[in-house]
Each structure stands twice: as structure tokens, then as C-alpha cells.
Amino acid sequence: MPDIFVANEKKETVEKNIPHPEVKAGLTKGDTTNPLAAFTVHPHNLRFETQSADEEIILLLRQHFVTLVPSVFLFSLMALMPFWIPVIVGVFSLDLSVIPMGFLFVGVLVWYLLTFGLVLEKFLNWYFNVYIITTERVVDVDFISLLYKQVSEAQIAKIQDVTYTMGGLARAVFDFGDVMIQTAGETPNFDFMAVPHPDKVAKVISDLKLKDEQEGKI
Amino acid sequence: MGNTALDSVVNLIFNLQIWDILKVLLVVGLIVYLVFSLVIIRQVDLMTGVLSGKLNPGIRIAAYIHLGFAIVVLICALLFL
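Chains as they are written, first to last, in my numbering: chain Y, 1 to 218; chain P, 1001 to 1081.
Note that these hints are calculated values from the structure, not bench results.
Every clue listed holds true.
Below, computed lysine-lysine pairings styled on DSSO-like, alpha-carbon distance capped at 27 Å:
{"#": "1", "chain 1": "Y", "residue 1": "LYS158", "chain 2": "Y", "residue 2": "LYS203"}
{"#": "2", "chain 1": "Y", "residue 1": "LYS158", "chain 2": "Y", "residue 2": "LYS211"}
{"#": "3", "chain 1": "Y", "residue 1": "LYS149", "chain 2": "P", "residue 2": "LYS1054"}
{"#": "4", "chain 1": "Y", "residue 1": "LYS122", "chain 2": "Y", "residue 2": "LYS149"}
{"#": "5", "chain 1": "P", "residue 1": "LYS1054", "chain 2": "Y", "residue 2": "LYS122"}
{"#": "6", "chain 1": "Y", "residue 1": "LYS158", "chain 2": "Y", "residue 2": "LYS209"}
Residues from chain Y shown here face chain P by an in silico Cβ test under 7 Å; the list is partial:
{"#": "7", "residue": "PRO35"}
{"#": "8", "residue": "GLU49"}
{"#": "9", "residue": "GLY102"}
{"#": "10", "residue": "PHE105"}
{"#": "11", "residue": "LEU109"}
{"#": "12", "residue": "PHE128"}
{"#": "13", "residue": "VAL141"}
{"#": "14", "residue": "LEU147"}
We treat Cβ as the ideally placed atom computed from N, Cα and C, and that holds for glycine.
Excised from the complex, chain Y in its bound form (with noise of 0.2 Å):
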């Protein structure tokens, strides 16, 4: 008589040996605890609104931090710059003695609340904007402007090609760049804009893509 579990067995053998696409990608769980990193493989303690309880996050994703580095000059400047008036006021022989001592005080205090506005918005804007790849699927966080959020997502099963580019010296250097990911039917493409080590986040979805394949799920 024979016996009707040996497929199941021997296809539960065969998921056993494909290894996870983040460690095929040669990346490897908790890479780093850092809540701040860009590139964070199964990150600790993080969820978003739409996870499901069995479903896992395999990479978070944010721009580099190179991409930041223009805004961080911006700023240090802003901040920098009350300490420059006396500078500039020596240089240009102004006369500051018209202007009421409130003013100056208020106007200062003004400049540094100004920064600490854009210093945080900038912060929320990179903070949140989040590229996430799950076992599931590939979601994509954007929040656009003030109070206004874009959430896509797309099955890894509809994903039908996967390419990355590195165009530019510091791309090249730093080791960031786009990752273009086509959709099938009416879901949106998503381009991944300037996340760092493209090249694996490229290699973890089409392997992925492939697990489904190879567990019948396409």
C-alpha cells in the first residue's frame, strides 16, 4: 500500500535546504541594533501598521546617510550663525546700537527655533520614510508632505523584475543607490531611491521571489 506522506516529507526536506535570501545575499540577522541605521536586517523590536503577526521583516531601508550630509552642513551653519554676526559686523562696519536689545535677543532665539524646526522635520522626513521588504511582501512608506502618508505595497509574487543602479562617483564610494522594482497588473512600481548596499537589496527580493517559486506560491 503506499504510502500518501512521503511527497509532503520530502517537500518539507526541500524547504529546509533553500537557505533565507538575506543570508544568500551574504547578510546575516541583527547585522546592527542601530535604530538610526539605513540598512537593517531583521531589525529588533519594530513593526509597521500593516504587518501581520506572521509575517517578518527581512531589510529596513532608508536613504544613506550621505544624502544627508548637504542638510547637515545646512545646518550647522544655521546654528553657527548668531555667532557670526560680531564678524560680520566688525567686517562691514554696521551699527547694531539701532536695533533695540529685545530685538536682537527675540531675533536670535527666532533663528534658533527655525532650525530646531527644519533640523527635526528633516529628521521625521528621513526617519519615516522607510523601504521595508517582509517575507510577504515589499512596502514602501512615504509621507509626502505634512500630515499626508503614501503606503504601497506589493506581493512579492507580483514582482517581475528587479534592477539596481550606482550611476556616480559618491554612489560608488559610499555604496548606495536606486533599486527599480517592476509589479505586475495595477500595482505600482517602486523605485528605492538611494538605500545603501543596492546590489543585496536587488539580490534579497529576487531570491525571495525565487523561494515563492520553488514553494509553489507563483
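Position chain P against the provided structure of chain Y, taking the given hints into account.
Just chain P, lined up with the frame of chain Y:
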């Protein structure tokens, strides 16, 4: 009587100095900024709802510090200008 009241308003307008106008503009601007800092708090609530991580309490605190700073600057503007 009507003429006197009108005259005093006209006199007030013509006697306004540049610093008085700047003070009014600055205070109005700071009130608008206060509303903006409240919007940032709402924005942080929205963002932390989408992505929950261990840094979220710190970000909320930063947003409230920003609001507090905006209030302090508005009070300073009212007191010192």
C-alpha cells in the same frame, strides 16, 4: 467725538515706528509657527503609528520640546519687544 476717535487712530497709525510694525509681524509669525509646531506633534503621532520602533518615545519628546520652545519664544517676544 467721532472725529476725535478717528483722529487718534490716524495719529496712532502715523506715529507707528518700524519696530512696532516688526513687533506685530513677529508676534503674528510666532503664533503661526506655534500652530505649525502643533501640526508637527500630530505628524509625529501619524508617523509613529505607521512605524513603531524603540526611538519613537524620543521623537515624541523632541516634538514636544519643539512646541515648548515655540511657546517660550512667543512669550519672550511679548515680554521683551
